[in-house]
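Visitor: So the protein lines, in turn, are chains Y and A. Residue numbering for the first sequence is 1087 to 1203, as defined by our numbering. Residue numbering for the second sequence is 116 to 432, as defined by our numbering.
Bear in mind the hints are in silico, worked out from the structure with no lab data behind them. Treat the hints with care, since some could be wrong.
Straight line, CA to CA, 30 angstroms or less: simulated DSBU-like cross-link-like pairs of lysine-lysine [said to hold, decoys possible]:
{"id": "1", "chain 1": "A", "residue 1": "Lys-327", "chain 2": "Y", "residue 2": "Lys-1155"}
{"id": "2", "chain 1": "A", "residue 1": "Lys-139", "chain 2": "Y", "residue 2": "Lys-1184"}
{"id": "3", "chain 1": "A", "residue 1": "Lys-327", "chain 2": "Y", "residue 2": "Lys-1184"}
Derived list of chain A stretches under chain Y, where covered just means 3 residues or more per stretch with a C-beta under 8 angstroms from a C-beta of chain Y [as the list claims (entries may be wrong)]:
{"id": "4", "segment": "324-333"}
{"id": "5", "segment": "355-369"}
{"id": "6", "segment": "400-409"}
By construction, the Cβ of each residue, glycine as well, lies at the ideal position given by its N, Cα and C atoms.
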Amino acid sequence: MELSERRAGRAVVLAPAGRIDMATADQLRERLIPMVTAAAKAGESVVLDFSGVDYISSAGLRVLMLAAKEARTSGSKIAVAALQPLVNEIFQISRFDKVLPCHVGVDEAIQAVAPTT
Amino acid sequence: MRVRFWGTRGSIPAALTAQAVREKLIGALVAASGQALDTPEKAGAFVDTLSFSASRTFGGNSSCIEVLSEGAGRVLLDMGSGARPAAGNALRELKGTPGEFHVFMSHLHWDHIMGFPFFTPAYIPGHTIRIYGCHAELEHAFRRQQAPPSFPVDFSMMGAKIEFVQLEPGRTYDIAGYRVTAKVQAHGGDSFGYRLERDGKAMIYSTDSEHKLENAEETDSFVEFFRAADLVIFDSMYSLADAVSVREDWGHSSNIVGVELCQLAEAKHLVLFHHEPANDDATIERVWRETERLEEITRGEHAVKITAAYDGLEVTL
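Chain Y extracted, bound-state conformation (with noise of 0.2 angstroms):
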């Protein structure tokens, strides 16, 4: 599973790609736990940059469920931004918006975890 990491400012913007279902949400875990771990300790948030992610299952759920209690534990922040249409509606339909911080850019979702002004 592609997951690809940029910095801004204090957020480092994590960006997965394709599908995050049972076959992927693993590899998914076994990268983005470590990642918000260490983001944490650099005192940074952190952004889930969703734009290239075309499904998630609830594996793939579940394993940001986890990425958020590590963040939460940590002392850091995460949020998740530019979900697709389908992927939006998966958000709706299973409350994770309830749960996760969404934003519709990746530069608001920069904002919201790490202001820079």
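Since chain Y is already given, all that's left is putting chain A on it; use the hints.
Guide: Chain A alone, transformed into the frame defined by chain Y:
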């Protein structure tokens, strides 16, 4: 195979309130304004144009399902408070003849056994009730709830012939004309799902089960259990967000996981079951419609019909 839903609510019965009925009536009357609904037929036809939650209720009895087939025994799944109306209906259908009831228990939590003290055939000599389950405490749980101070009529006062039959999960039995297989599920103290097969049709009863789908081997075993089922009755009590956060390890699943398992297993019909007692009719209907939408947007080559169970629903396979 005909499947009747006598109790569909999770954890505890939930009655419709006077206020909720009033709100439904107000909504219906406002929607009907200006229409000449001066016969029961016209009024009925109008009511059928309203949404389910505006015109009906999902009901509030706890888990009880009845399965009937021509030439087969009368099967019940769980003895929640829905067992009380199921008993009344069975006695009407039996017209005074002795009945034989085969009851399969998912587990022994209170909401799944509380209907038994009100299961009238249990008090009438001539009827036979066989209660099957995989829990070692099966008989004890039924006897205990009849004992003081919980209930005034002791188990020993029940006039029917009542037998308890221990089942082994994973083994397939021929019982009452059905091929029956139980499977252990994740729930406090364990629960057991059932697969019933007859005449080339298969139904799954999987309630009080937390399917996490995070372990491939476990997921595969449930996909095989559900494989090509004509009907899957599935515990969808919580939203996925609740099931993986504040209510993780509470032993229940979500509509999302139900759709995923049915898609993987190529099951035909998913019935959302064990509704959260805090949810009103409008909320349950919203979950139903959203689940239909989820199935639509994630569908591959196989379509799954989605229904939200309600007390009184009957499905023919």
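Visitor: Decide, hint by hint, whether the structure agrees.
Guide: Okay, the hints, checked on the actual structure:
With a CA separation close to 17 angstroms, the supplied pair Lys-327(A) and Lys-1155(Y) stays within the 30 angstroms bound. Only pairs whose Cα atoms come within 30 angstroms are accepted, and Lys-139(A) paired with Lys-1184(Y) is accepted, the gap being roughly 28 angstroms. For the given pair, Lys-327(A) sits about 20 angstroms from Lys-1184(Y) by alpha-carbon distance, which is consistent with the 30 angstroms threshold. Coverage of the segment 324-333 of chain A by chain Y holds in this model, with 4 residues showing a Cβ closer than 8 angstroms to a Cβ of that chain against a need of three.
With 6 residues having a Cβ less than 8 angstroms from any Cβ of chain Y, the segment 355-369 of chain A passes the three-residue criterion, so the hint holds. Three residues within the 8 angstroms Cβ limit are the bar, and the segment 400-409 of chain A against chain Y gives 4, so the coverage statement holds.
Hint compliance for this structure: no hint is broken.
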